[in-house]
Amino acid sequence: MALTNDEVLGGLAELITDETGIAAEEVALEKSFTDDLDIDSISMMTIVVNAEEKFGVTIPDDEVKNLKTVGDAVTFIVSNQS
Amino acid sequence: MTTKRIVVTGVGASSPLGGTAPESWVSLLRGESGARTLEHDWVAEYDLPVTFAAEARVRPDTVLARPIAKRLDPASQFALVAAMEAWADAGEPEVEPERLGIDFATGIGGVWTLLDAWDTLREKGPRRVMPMTVPMLMPNAAAGNLSLHFGARAYARTVASACASSTESIVNAVEHLQDGLADVVITGGTESAIHPITIAAFASMQALSRRNDDPATASRPCSIDRDGFVMGEGAGALVLETEEHAKARGAKIYAYVVGGGVTADSYHITANDPEGHGASRAVRMALEMAGASPDDVTHINAHATSTPVGDPNEYQALHAVFGDRVDDIVVSATKASTGHLLGGTGALEAIFTVLALRDRVAPPTINLTEQDPEVPFRISGDPVSLGEGAQLAISNSFGFGGHNAVAAFASA
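Residue numbers (the working numbering), protein chains in the order written: chain A, 37 to 118; chain Z, 5 to 416.
The following block holds chain A by itself, in its conformation from the complex (with noise of 0.2 Å):
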């Protein structure tokens, strides 16, 4: 069964916060990655990972610089369960 937003956007602070330490009432759609977030290249790419394997979707190398902001990405792994 497809997870809606909320669920991804739960998940996806969970490997945020076990990531960085962010909290995870920091993770809103809105947050920049980078700007806001302060999330480095390898740490991103440890996200990615770890996302894939918790949603079951494929994130393409090409795909990662277009995930601006957490909302992206929650965009990017609902449309794309299978």
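What the hints contain is simulated information worked out from the structure, not anything from laboratory work.
C-beta atoms are modelled at their ideal positions from N, C-alpha and C, and glycine is treated no differently.
Computed footprint of chain Z on chain A, listed as stretches where at least three residues anywhere in the stretch have a Cβ under 8 Å from a Cβ of chain Z:
1) 51-57
2) 71-82
Chain Z side only, calculated, beta carbon under 7 Å to chain A, not exhaustive:
3) P71
4) M134
5) P135
Position chain Z relative to chain A; hints supplied.
Same frame as chain A, but now just chain Z:
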């Protein structure tokens, strides 16, 4: 040019005897053993021939914040925990970043990270191999992360000389301070390699004790029935600085590091030179650098891993330097309590040596059954007073590859 005197102003450890240097020291003086039966599923899964080791008493990932810990192999976690303690113990010295150096060693590096990544690759494919894999497994990971954490920009160096690694690192730190590369150095070494692969491999070469039924007494250096070493893990860290720098900031001084010697055997990749020439030369070099004679030495922390061949080789090497007087020097073989921390062992033993000079007491060598007449060191199952006079101690470490490293310490 006058030679700068180098002092120890901070110590830190995470070891099989405790989560800090003072806890490890007190447990050592009490005669405790850090060795226990391993409770991991993989012991039975792989039917390992050796089922015990001296694991660290406190897991470092329970001390560090999770986002920090998960970017570090356990070896680097131990290093950071020990270095943070040493830095705090030294009073967090104010020093220009360009004058703070790191000399931090490991014997093996991030073996857990490497093998976990291999499992992931085989089970889940390349996409699941984490991007931090290489920076976590590289042998310089501890030094690099310490540089990052403490803002050290003079240099960050790693030597790898197996079980001699961290003593060699301490000797390097002294040389770097004397050469003027830094005013303060965080030095030491780390290892976290109690893994089924390393246990299987060391067991395969007949290096490990097989006393599975009695882990706590398995490491018994100098005893006639010793049957191999006991794997340990953890890290030791020391803050060294020039005496001038330490005194200018009013730091407490544990001891002086007065000498160091590093040599190579060129004899065999794993076996000791039975004549102990390389080990003897390393001791003589350390004493020469200290401006001391063999007669000045009052305490020795021996390498003494509890292997049948290694212990008498070390005795012969020391006898060549000290003559029959070696039998009068108070020796401690602390691997009896700690097991063998490989790349971390020299640093932990350096800390024990420094604390022995501070407290004027040599720590006990536990588990002595009947002393081997081929290894007649003056050891005791109880702490031994070193007396009131000036003290000079050496700490020895020897490693696969034919590496010999010796550091000499004088009481403050």
